[in-house]
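Visitor: Residue-level listing of the chains:
Number of protein chains: 2
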Amino acid sequence: MNGARALLDTLVGNGVNVCFANPGTSEMHFVAALDTVGGMRGVLTLFEGVATGAADGYARIAGTPAAVLLHLGPGLGNGLANLHNARRAHTPMVVVVGDHATYHKKFDAPLESDIDAVAGSVSGWVHRTKRPGDVAADTVAALDAARRGVVSTLILPADVSWSDGATSAEREATVTFGGGRDDGFTLDDGAVRAAASALRSGERTVLLVGGDATRAPGLAAAVRIGEATGATVLCETFPARLERGAGVPAIERLAYFAEAAAEQLAGAQHLVLAGATSPVSFFAYPGKPSDLVPDGCAVHMLASHRGAAAALEHLADELAPGSTATVASLARPDLPTGDLTAFAAAAVIGVLLPEGAIVVDESNTAGVGVAAATAGAPAHDVLTLTGGAIGYGIPAAVGAAIAAPDRPVVSLQADGSALYTISALWTQARENLDVTTVIFDNGAYDILRIELQRVGATDGHTPGPKAQELLDLGSPAMDFVRIGEGLGVPGRRVRTAEELAAALADAFAEPGPHLIDAVVPSLLS
Amino acid sequence: MNGARALLDTLVGNGVNVCFANPGTSEMHFVAALDTVGGMRGVLTLFEGVATGAADGYARIAGTPAAVLLHLGPGLGNGLANLHNARRAHTPMVVVVGDHATYHKKFDAPLESDIDAVAGSVSGWVHRTKRPGDVAADTVAALDAARRGVVSTLILPADVSWSDGATSAEREATVTFGGGRDDGFTLDDGAVRAAASALRSGERTVLLVGGDATRAPGLAAAVRIGEATGATVLCETFPARLERGAGVPAIERLAYFAEAAAEQLAGAQHLVLAGATSPVSFFAYPGKPSDLVPDGCAVHMLASHRGAAAALEHLADELAPGSTATVASLARPDLPTGDLTAFAAAAVIGVLLPEGAIVVDESNTAGVGVAAATAGAPAHDVLTLTGGAIGYGIPAAVGAAIAAPDRPVVSLQADGSALYTISALWTQARENLDVTTVIFDNGAYDILRIELQRVGATDGHTPGPKAQELLDLGSPAMDFVRIGEGLGVPGRRVRTAEELAAALADAFAEPGPHLIDAVVPSLLS
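These protein sequences, in sequence, are chains A and B. Taking the working numbering as reference, the numbering of the first sequence is continuous, increasing by one, and the terminal residue is 861. Taking the working numbering as reference, the numbering of the second sequence is continuous, increasing by one, and the terminal residue is 861.
By construction, these hints were calculated from the structure, which means they are not laboratory data. Keep in mind the model is a prediction, meaning the values are calculated, not measured. Using N, Cα and C, we set each Cβ at its ideal position, and we do this for glycine too. Fair warning: there could be bad hints in the mix.
Straight-line Cα separation of at most 27 Å, DSS-like style, residue types lysine-lysine; simulated pairs [stated by the list, open to error]:
{"hint": "1", "chain 1": "A", "residue 1": "K624", "chain 2": "B", "residue 2": "K441"}
{"hint": "2", "chain 1": "B", "residue 1": "K624", "chain 2": "A", "residue 2": "K624"}
{"hint": "3", "chain 1": "B", "residue 1": "K442", "chain 2": "B", "residue 2": "K466"}
{"hint": "4", "chain 1": "A", "residue 1": "K441", "chain 2": "A", "residue 2": "K466"}
{"hint": "5", "chain 1": "A", "residue 1": "K442", "chain 2": "A", "residue 2": "K466"}
{"hint": "6", "chain 1": "B", "residue 1": "K442", "chain 2": "A", "residue 2": "K441"}
{"hint": "7", "chain 1": "B", "residue 1": "K441", "chain 2": "B", "residue 2": "K466"}
{"hint": "8", "chain 1": "A", "residue 1": "K466", "chain 2": "B", "residue 2": "K624"}
{"hint": "9", "chain 1": "B", "residue 1": "K466", "chain 2": "A", "residue 2": "K624"}
{"hint": "10", "chain 1": "A", "residue 1": "K442", "chain 2": "B", "residue 2": "K624"}
Listed below are several chain B residues computed to face chain A (Cβ distance under 10 Å; list not exhaustive) [as the list claims (entries may be wrong)]:
{"hint": "11", "residue": "V348"}
{"hint": "12", "residue": "G349"}
{"hint": "13", "residue": "G460"}
{"hint": "14", "residue": "S537"}
{"hint": "15", "residue": "G538"}
{"hint": "16", "residue": "R540"}
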């Protein structure tokens with residue numbers, strides 16, 4: 337068989353059965369192989385950033401990796417921002433980048449570029465397959481690497497793809513994904529003892545939870561520890577997948593703005609990291625510390641992003657044997673009325689969020705009220721913008737919906753970020769995915785209006801007209817309903833809480849994608 | 337002054353007065369400086385790929401570089417594909433990538449990534465500014481490098497941007513852009529002699545023209561040489577900027593498909609390269625040569641991409657002293673009638689193309705008839721997809737229109753490629769640019785349907801349903817009129833030649849951006 341078939345066969349044989357693709361000429365044999373090798377679903381996206389974001393959303397929900405098929409260096413470049421987010425989320429992913437034929441590269445054809453250098457910036461594993469006979473083993477190696485929670489990038493030259501001499505994998509990848517005790521992570525006894533000692537010290541301790549501990553088992557263990565020891569339990573600012581809502585142990589997230597995060601951490605003498613990294617300011621600000629760990633606070637690394645849930649469960653059994661974590665109660669906000677604001681929109685979402693929803697949150701500043709408003713909604717998952725590279729939400733909703741076709745996906749999307757990868761709406765329509773996208777439409781890069789002041793760029797003065805113009809999205813105003821309809825997703829514009837409630841209820845009642853353009857004022861207005 | 341102001345001041349002082357921007361927090365001091373340093377026009381784009389493509393289109397028309405402002409590694413990644421095209425076009429460009437503050441990088445904050453590695457893949461010059469006092473000199477160095485026809489990338493840490501201690505440039509950059517004799521390029525006398533000898537040999541010679549020789553002076557010299565010596569004069573397949581139409585010396589372009597290109601070159605015993613690279617197949621195909629130079633053909637490098645026009649003029653004066661090049665006559669096609677096809681659409685464009693138009697051509701397969709149909713139109717420039725990375729056209733039209741506000745820009749755009757950077761329409765509306773976008777809407781990645789066969793991926797059989805699905809854009813059908821309207825550009829859908837003619841006439845008559853969704857059948861149907 338040729339290399340393309342061996343690649344597909346090995347992927348399918350190891351449980352990878354979705355491939356988000358934006359192929360080109362150098363990938364045509366892979367495309368053709370989809371019809372000869374069964375078991376792989378090819379999902380077309382209109383831009384590579386949609387493919388990579390979708391694969392990230394898919395893997396966060398499915399727990400198994402999707403494949404991504406990209407075309408040469410420029411295709412990889414287009415997918416890079418969402419690979420960056422996936423890297424920060426420790427998402428397992430296998431990225432296949434088709435390259436020119438091995439003998440063609442020396443001619444420096446127009447699309448030739450340094451794929452390896454670009455791939456290296458986001459991938460935990462990069463390999464260039466040299467012969468058809470190596471395809472299966474290289475694919476297994478890519479999957480084994482992905483298991484560690486990295487983006488694996490396999491560069492597949494066109495002639496390796498089209499030439500015969502390949503075989504399917506003789507051995508299967510050791511891929512197992514998931515969370516909890518059974519993952520076989522080796523506990524670091526010393527780290528557990530140190531964390532236990534800090535938590536027993538009676539000194540103010542913060543337990544910062546992240547990685548694989550932000551799902552119910554890890555959260556339950558963390559809350560048990562907090563309830564038994566008095567430690568403050570916080571979740572990392574941007575968890576890859578946070579389980580929350582009624583019936584799930586609830587923990588507050590570390591704030592995005594450094595000033596607020598510093599308040600949450602103030603006075604801590606011990607900081608125990610369970611799957612989270614040590615907290616730092618998202619950006620630097622003149623005269624303000626980057627490191628958010630309070631002076632004199634001892635940092636104890638309990639576990640890295642994988643194995644954190646298992647370590648917390650072990651620690652909870654030691655510190656709070658037999659205890660049960662308090663869980664959030666079902667408590668929805670009251671339905672607001674009148675003109676829509678960011679907070680009113682959040683409340684409406686809190687009132688109506690369906691059971692078992694997957695919330696993809698790229699609502700940025702306009703979504704400031706969503707976490708509080710949905711804390712008592714029925715249990716749901718939240719996927720967040722782990723790497724800060726905007727343009728993640730609409731693609732990730734594609735992947736989440738494909739991973740969990742029976743769950744409603746609610747995609748909360750800031751207007752500015754939406755335009756990065758707006759064509760993902762088309763894939764939602766094409767695949768008839770049950771995604772409800774709410775655009776928080778405030779007509780501005782509101783976060784940057786805030787940041788312009790916070791970094792002191794205008795010395796406390798009102799920004800000048802040129803600066804304001806670069807942060808404004810209102811001239812001309814975008815019409816997301818028309819954009820959505822042009823891409824095959826029906827939409828509705830809403831300006832009041834009642835209209836949003838009606839639009840959400842209708843969208844949740846009818847399968848398939850919907851878009852709601854929720855016009856809200858800027859937080860600064 | 338702070339680093340941001342010194343950067344702007346130095347750019348403006350050296351004639352760079354447009355900056356295409358998609359800023360973030362780390363660039364806020366640059367944004368604020370736009371109001372304190374006069375002379376720089378900031379143009380907001382909704383995606384970095386729009387900013388880089390616009391800067392490419394701008395510089396190709398203006399002859400001077402634009403600046404681009406990008407946000408950290410992911411912003412650079414989003415702009416990478418169009419930087420790849422700019423690299424292949426030898427476009428002078430200064431890319432400023434804001435980075436975290438120097439002291440912040442060690443904390444590996446969420447947006448931290450290897451900017452240098454990614455920038456290196458597309459830039460002829462990359463530098464990371466270390467101190468505010470270095471900003472002005474580094475900016476001059478970036479401009480000097482850009483003069484060589486490269487993408488210069490200046491990485492500007494946020495604290496260098498916001499800290500005082502910078503001054504304006506003490507010396508100006510040696511930047512001079514343009515073409516023709518006065519550029520001061522040193523002629524390679526040996527190369528000129530070798531080329532002259534080949535052209536005088538009486539053996540079949542092809543003169544392949546590219547680089548700065550695809551504008552009127554270089555073309556005239558090349559045509560004079562061809563007319564005097566009998567050499568076949570061809571233009572590189574994807575010129576950065578080709579002048580053509582009535583009154584301009586006309587030369588045929590080397591074909592995209594290798595089979596057709598091989599026919600154009602068949603029998604050549606000498607190939608003289610004037611600003612073009614030696615012809616190679618765009619992609620490799622099983623069993624077919626990558627190198628398109630015929631066996632036994634001697635290749636003579638007359639000049640590289642810059643200085644080619646000057647070298648040709650020198651050579652023409654030697655080989656054809658006192659001669660004048662034949663130029664194309666004004667000759668428009670007849671206006672077709674009835675159902676629109678790709679060729680009918682091309683003819684309508686040929687009938688109506690305005691004097692002095694700038695044609696940005698990303699029409700790909702559907703635009704196959706455009707070159708012939710517009711050969712006798714009034715003189716115009718054509719910008720092409722030099723690097724093969726799609727998503728170039730709509731952004732490049734933005735830049736071209738800003739560079740030449742008095743010239744009509746005609747953006748010929750394939751449907752599949754359009755979705756890569758569709759938000760560029762919004763910037764066209766925001767800046768009220770005189771751009772008429774014609775979407776060749778055939779509902780498919782038609783080029784890939786062709787390539788799937790050409791690479792032999794289906795062994796001559798009809799592609800299977802999964803392969804066909806990955807090349808289809810018709811399910812759901814996109815409505816570009818709605819998409820355009822949602823982004824602020826009025827549009828019209830046309831299905832007949834008459835409708836296209838009416839829509840084009842209206843668009844050309846009314847200033848500002850317009851979109852025409854031209855529904856055409858697939859070339860394969």
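Visitor: The structure should be examined with respect to each hint, and the outcome stated for every one.
Guide: These are the hints, each one checked on the structure:
For the suggested pair K624 (chain A) and K441 (chain B), the alpha carbons sit about 15 Å apart, so the restraint of at most 27 Å is met. Annotation: proposed proximity of K624 (chain B) to K624 (chain A) is violated, straight-line Cα distance about 62 Å (limit 27 Å). Only pairs whose Cα atoms come within 27 Å are accepted, and K442 (chain B) paired with K466 (chain B) is accepted, the gap being roughly 15 Å. Between the alpha carbons of K441 (chain A) and K466 (chain A) the distance comes to roughly 13 Å, so the proposed pair stays at or under 27 Å and holds.
With a CA separation close to 15 Å, the supplied pair K442 (chain A) and K466 (chain A) stays within the 27 Å bound. Distance restraint check for K442 (chain B) and K441 (chain A): the Cα-Cα separation of roughly 36 Å exceeds the 27 Å cut-off, and the hinted pair is therefore not satisfied. Restraint check for K441 (chain B) and K466 (chain B): satisfied, since their Cα atoms lie roughly 13 Å apart, inside the 27 Å limit. Simply put, K466 (chain A) and K624 (chain B) have alpha-carbon atoms about 20 Å apart, close enough for the 27 Å limit, and the pair holds.
For the proposed pair K466 (chain B) and K624 (chain A), the alpha carbon gap of about 20 Å is at most 27 Å, so the pair holds. The suggested pairing of K442 (chain A) with K624 (chain B) holds, with an alpha-carbon distance near 16 Å, which does not exceed 27 Å. Taking 10 Å as the C-beta contact cut-off toward chain A, the hint placing V348 (chain B) at the interface is violated, the least distance being around 13 Å. A least Cβ separation of about 18 Å between G349 (chain B) and chain A goes past the 10 Å threshold, and the interface hint is therefore violated.
The beta carbon of G460 (chain B) comes no nearer than 13 Å to any beta carbon in chain A, farther than 10 Å, and the hint placing it at the interface is violated. Proximity of S537 (chain B) to chain A is violated relative to the hint, the smallest CB-CB distance being about 26 Å (cut-off 10 Å). Against a cut-off of 10 Å between C-beta atoms, the interface hint on G538 (chain B) is violated, since the closest Cβ of chain A lies about 30 Å away. About 23 Å separates the beta-carbon of R540 (chain B) from the nearest beta-carbon of chain A, more than 10 Å, and the hint is not met.
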